[in-house]
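Enquirer: The chain contents come next:
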Amino acid sequence: MKGKPLDLGTEPRLRLSIGPRIWLGFALVLFALVAVAMIGHMGQQHSDDQFQEFSELSAQTSTILDIERRMVDLQRRVLAFTYSGYTGIVTRVRGLAIEIRRQIERVSDEVRDEEQRRLLHRMLSVFELYADNFEQAVEERRRHDRLFEDELAPLSRQAVSLLDVLQRTPQAEDPVMAAGLKDSLVDLLFAHQNALAFESGPDSTLMQEALTRLKQIGRRLDGLQRQTRDPSHRQRIAALMEILERYRTAFAGMVQSTRAYLHLVYVVMAGEAAELDQLADSLKRRTLSQQSLLRQQMIQDMDLNREVTLAVSGLTILLAILLSWRIARGITRPLIAMSDTLTHISEGRIDACIPYRDRRDEIGIIAKAADVFRQAVIKKQRAEAANRSKSLFLAHMSHELRTPLNAILGFSELIAQMDDTPNEQRVYLQIINRSGSHLLSMINDILDMSKIEAGQYAPHIKSFDLWQMIDDVSSMFALRADQAGIEFILERSENVPRTIGSDEGKLRQILINLLGNAVKFTERGHVLIRVEIERSAADTPLLVCEVEDSGAGIPPDRIDSVFEPFVQADPQSQDGTGLGLAICARFAEMLGGTITLESMVDAGSRFRLKIPFEETQEIESPPGIAPRAMARPLPGQPAHRILSIEDNANNRLLLERLLKSMGIESRSAANGQEGIDAFTAWRPDLILMDIRMPVMDGLEATRRIRALPRGSECTIVAITASTFKSERKGILDAGFDDFLSKPYRSRDIQGLLERHLGLKFQERVDTMTEVEPIAQSETRPLPDESRQLLAEALVIGDSDQIQEVLQRLEPSHPQVVKMLGEWASDYQYSRILSWLDDDS
Amino acid sequence: MDQKLHSSDDQMSRTPVERATDTTSATSIRRRHLCQAIAGLALGPAQGIGAPYVQTRERVKLRVLGTHVTLREAIRRQAEQDLGIELIFMPGGNAEVLHRASSDPDGFDVYEQWSNSIKILWRADSIQAIETRRIRNWDAVNDLTKTGRLTPDAPLGRGDAPYRLLNVQPDGSLGPRPTGRISFLPYVHNVDAFGYDTRFVPTGRAYETESWGWMLEPRWRGRVALVNDPTIGLFDMALAAEARGLIEFGDIGELTKAEIDRLFEILITLKLAGHFSGFWSEVPESVEMMRSGRTAIASMFSPAVAALKESGIPAVYAAPREGYRAWHGVMCLSSRCRGRQLDAAYEYLNWWLSGWPGAFVARQGYYISVPEPARAHLSTAEWDYWYEGGIAATDLPGPDGAISVRAGSQRNGGSYWERFGHIAVWNTVMNTYEYSLPRWYELLLA
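Taken in sequence, the protein lines are chains E and F. Just so we're aligned, residue 1 is where the first sequence starts under the UniProt record's numbering, counting upward by one. Just so we're aligned, residue 1 is where the second sequence starts under the UniProt record's numbering, counting upward by one.
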């Protein structure tokens, strides 16, 4: 007990690896199948042998029956011969005998059974006796015929004629002699008659009578001879006696021959025939019983074979089921479990349990690999989480960046609008504004990139006017190129269709980015955009856009990294975020396409965009319309009180100033609680409420205001820098009537007041924006619903919804949509909102 | 044991109705004899001036035609030794030898067969009369052939009783009146009945319950065999039918055509009903039939029953109350036998009655017409068993010297004299013989 404990139970089970196990299992099943086949084959073989034997027995039976039949025929013919003595029958009998002997010999050679052979041997020997006896009978019959034909008949005639001669001799005049001769003649005639009768119907009495008569004649003639003196007469009588003696001998011989052949035929041969019959019968019975036994045996064997085959088949099926069960239990189920585990892991459920790690076969190896995979997934998840955190951080950062920028742009705009602002300062303000705009665009880039990385974009495939889009983009950059003093070339291939199905917005942005880059980094020479269609038989057609420039080019070692975020071709260049190409690459990828770059330093670069597109019906371009002129605030309208609740002092001030410049009475509060107090005290018509605030946030404040008397009559507009859709939706659900997206401009505020308070503004030129090149040809206003939707989308910065609304409007207002789309793709949401305000 | 079996077989094969056996050698023997017979016929006319007158100083060659019962090698050697002559045995089947003898007297010197062939041979002039004065033991020849009776009360027996055929009458016919000239020399004889297997047929009492009628008892249907010989089997059946009261004959030794028709009608009906299981031609056949169970009751000869007993079958040779069917052996001289041949033939005939041959045939179960000299060659136990019908005091040898009778056994039917006191009929060739042949054929193949 104190020794080393036995470790039998815990010893890891040595298991065959799956391959050999499956092989072994199938080998067993195969073996069983082969066994079934073998048993079947052997059974078949056995049956064939038995059938062969059965056929042989049948053939033997039929031969034996044939022998029996021939024997009967033979016996019949022998009997016929006995009556007729015809030689034709003899020939036939001999022929039959030969045939029968051959048949017996043949069957004798064929049979295997000892008893049958014995019977056949006996049959053959009896038959030999029979045949011999027949020959003897034939011989006797011939002897009988010869004696009768050649001896009896002529001798009787001779005797009669001799008697006749004797009766005419002088000695015959003697009465004794005459009477003797006469009696002798009578006896002779009687004897011959008896002989004839015996010949036709053998009977001992006839024979005896004939012999008695002949004996009487003999005695009488003997007496007569003694009486006669005349030597010639004596001689004649002696001759007669001799003839009669010969007659008697012939008759006795004939009788004996008759008896002999009759005995042979009726007794000896008949006995042999009976014995042959008996033997044939025994043989037949034996063969038939063998046949019957064999038939039973065959049935039994077939049953046995069937049972064995069934049993082995059943065993095989059981084995196969067992094997399937074993495979399912030992292989398939673990595999499914492993597959599920791997799926779980790949889906990120890294806490999924990995079974079978202690197994020593392939499953165990997979389990171990899964474990490794899980570690990798954990790492990847961590990396992704980090990336997501980064993206979120960037998104939040950009959001936070936009808030102060709002104040900068807003105030610079406000100051610039002031009449008393000196021109010099106005120029500075414009610089501030431009810088701010640039900063905003950079922040927008970062936001885009973050959104892409956070997976918030999806392609929107729609049919659109490709030509128009290319023309718009080209005309945009043609101007810039012209200003920069470089040549701008558009090459559009003949086969480019007017309309295609793709994501127009993203395609547009890609082209703008590429062209923007090209124009920016090209100091002299040209910028070229080449549009082609690449078709191959099988795949969907590809739209190929090449943007070529004669700029500085990109060194080979940097080519691969230009599409990575935050990388700039020229590290020295401080311009831009370096996100443009990364966004392009991501968008292209999103559309199922690629962007490649060929470049030579100091020679230029060529970007090649290839995206698949859907071929669509050509659409007709409707006539373009121009947006309406912007409105200005009008005097003589009812006074409205506006409360702005904003924690950021700058923004609070900006709002106050904006509203003041509009001549609208306003107050400010620094947080939610102050706001509620102000509401209670002052009763504003509209509240501009920041969401994120210290002490009490906008949501809580709004909820409380709504709960106050007349709190529901007041219009409360949320001000948020959040670009996240979910947050915005929550805002609307929280009791706000509207919201204003940061950074906002005076125009945004104008639109808000117009919408909610019914204020009218005078038209005026927005000094901060460029003059629209679009003609005022599109006179129809946008439908209110679409306008509202678009405004909401713009406010919350939902580019997807913006695109959606614009696409819906496109059939009726293509030019407007085109313009707004351009702005939207450039993230000039405020501008669009301003335009919408002016349009209404 | 082997020897004993041999002896039994030996006995069996020496039977009155022996014909060719089923063995190849027997067949060849048959063929040989057939050829001889044909040769003899072909030479017929030339034989008138043939052999009998040829005188030579060589040993006389005596040709003996007969059956296997008496033409045995042991006898031939003994006779040659005793007589200083050369013996040529020509054994054959009954019909064959009779035919050869009747048709060709030149083909043999001595003829040994059965009394029922005498009439034929005598009428055919194939045999010559034997002078009784030249038979040394003639006076010792018992009365069975002289008066027809061994004992005063014994019946004569129907049919051709040998005593009626023995003496050549002055008119050349054969009759009972002694004339000093006889047609045959009486020698071997016996009585026949039927045998039965006591495993099936209950044992009866001799001359009391045992009856020929048993053979036609319906309960043995399908187990009854007959001997295939109308001159023998017909009598067995006539006795059986009469015993069962199926028919009554005027003279069972001389059936009329009508009686034969009636008898065959009965037999064929039985045959068709499956009463008979076989017709045997040779003794071994009859043994095999009973041994194999094919028969329970059958026409049989005594050696067959002895063989069955020896092989363990409890067979009994019946002593029917109606009497036996008896047979008698005859020795005849060829009508052409002359001179030294005739002298030698007489010597051979005398030798047969001198004792040794009588003892020999006694061991086969047969009797000899001059028993006393034979007795000298038999032990007391043998004499008591074979002739007196007693219980065997010791094991007794067969003709070949091997044991054939176990001590303590006894023959059914009693002594020689008792047996011949119960003769119903003698084997006979009846006048209706020819008529019976087709009917027999009919029976065989029915």
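Warning: the hint list may mix true and false statements.
What follows is a set of in silico ranges between Cβ atoms, one per label pair, in the way DEER data are often shown [unchecked claim]:
(1) ASP251(F) <-> GLU110(E): 52 to 62 Å
(2) ALA140(F) <-> LYS182(E): 26 to 36 Å
(3) SER292(F) <-> VAL34(E): 21 to 31 Å
(4) GLU110(E) <-> LEU156(F): 55 to 65 Å
(5) ASP251(F) <-> TYR86(E): 33 to 43 Å
(6) GLN410(F) <-> GLU110(E): 30 to 40 Å
(7) SER62(E) <-> GLN410(F): 32 to 42 Å
(8) GLN81(F) <-> ARG122(E): 51 to 61 Å
(9) ALA239(E) <-> ALA74(F): 22 to 32 Å
(10) GLN410(F) <-> GLN297(E): 30 to 40 Å
(11) TYR86(E) <-> GLN81(F): 49 to 59 Å
(12) GLN410(F) <-> GLN52(E): 22 to 32 Å
(13) GLU110(E) <-> GLN81(F): 45 to 55 Å
(14) ASP82(F) <-> TYR86(E): 47 to 57 Å
Simulated crosslink set (EDC-like; lysine to aspartate or glutamate; CA at most 20 Å straight-line) [as the list claims (entries may be wrong)]:
(15) LYS119(F) <-> GLU453(E)
(16) LYS271(F) <-> ASP277(E)
(17) LYS520(E) <-> ASP472(E)
(18) LYS215(E) <-> ASP183(E)
(19) LYS379(E) <-> ASP281(E)
(20) LYS284(E) <-> ASP113(E)
(21) LYS462(E) <-> ASP203(E)
(22) LYS257(F) <-> ASP277(E)
(23) LYS119(F) <-> GLU245(E)
(24) LYS119(F) <-> ASP171(F)
(25) LYS119(F) <-> ASP472(E)
(26) LYS271(F) <-> ASP343(F)
(27) LYS271(F) <-> GLU199(E)
(28) LYS390(E) <-> GLU400(E)
(29) LYS215(E) <-> ASP125(F)
(30) LYS257(F) <-> GLU245(E)
(31) LYS215(E) <-> ASP171(F)
(32) LYS257(F) <-> ASP203(E)
Treat the hints as calculated values from the structure; they're not laboratory data. These numbers were taken from a predicted model, which means no experiment stands behind them. Heads up, the beta-carbon is just placed ideally off N, CA and C, and yes, glycines get one too.
Enquirer: Would you mind marking each hint as holding or not holding in the structure?
Expert: Evaluation of the provided hints:
1. ASP251(F) <-> GLU110(E): 52 to 62 Å: Given about 55 Å between the Cβ atoms, the range holds.
2. ALA140(F) <-> LYS182(E): 26 to 36 Å: 52 Å, violated
3. SER292(F) <-> VAL34(E): 21 to 31 Å: 51 Å, violated
4. GLU110(E) <-> LEU156(F): 55 to 65 Å: 58 Å, holds
5. ASP251(F) <-> TYR86(E): 33 to 43 Å: 39 Å, holds
6. GLN410(F) <-> GLU110(E): 30 to 40 Å: 51 Å, violated
7. SER62(E) <-> GLN410(F): 32 to 42 Å: 54 Å, violated
8. GLN81(F) <-> ARG122(E): 51 to 61 Å: With a Cβ separation near 38 Å, GLN81(F) and ARG122(E) fall outside 51 to 61 Å, so the hint is violated.
9. ALA239(E) <-> ALA74(F): 22 to 32 Å: 52 Å, violated
10. GLN410(F) <-> GLN297(E): 30 to 40 Å: Since GLN410(F) and GLN297(E) have Cβ atoms about 51 Å apart, the given range 30 to 40 Å is violated.
11. TYR86(E) <-> GLN81(F): 49 to 59 Å: 53 Å, holds
12. GLN410(F) <-> GLN52(E): 22 to 32 Å: 58 Å, violated
13. GLU110(E) <-> GLN81(F): 45 to 55 Å: 52 Å, holds
14. ASP82(F) <-> TYR86(E): 47 to 57 Å: 53 Å, holds
15. LYS119(F) <-> GLU453(E): Roughly 147 Å separates the two Cα atoms, so the pair is violated.
16. LYS271(F) <-> ASP277(E): 14 Å, holds
17. LYS520(E) <-> ASP472(E): 18 Å, holds
18. LYS215(E) <-> ASP183(E): 13 Å, holds
19. LYS379(E) <-> ASP281(E): 100 Å, violated
20. LYS284(E) <-> ASP113(E): Holds, at roughly 13 Å.
21. LYS462(E) <-> ASP203(E): 136 Å, violated
22. LYS257(F) <-> ASP277(E): 29 Å, violated
23. LYS119(F) <-> GLU245(E): 19 Å, holds
24. LYS119(F) <-> ASP171(F): 15 Å, holds
25. LYS119(F) <-> ASP472(E): 159 Å, violated
26. LYS271(F) <-> ASP343(F): With Cα atoms ~51 Å apart, LYS271(F) and ASP343(F) exceed 20 Å; violated.
27. LYS271(F) <-> GLU199(E): 31 Å, violated
28. LYS390(E) <-> GLU400(E): 15 Å, holds
29. LYS215(E) <-> ASP125(F): 13 Å, holds
30. LYS257(F) <-> GLU245(E): 31 Å, violated
31. LYS215(E) <-> ASP171(F): The hint holds at about 10 Å.
32. LYS257(F) <-> ASP203(E): Holds - the C-alpha atoms of ASP203(E) and LYS257(F) are around 10 Å apart, at most 20 Å.
Figure legend: structure checked against the earlier numbered hints; hints not met, in rising order: 2, 3, 6, 7, 8, 9, 10, 12, 15, 19, 21, 22, 25, 26, 27, 30.
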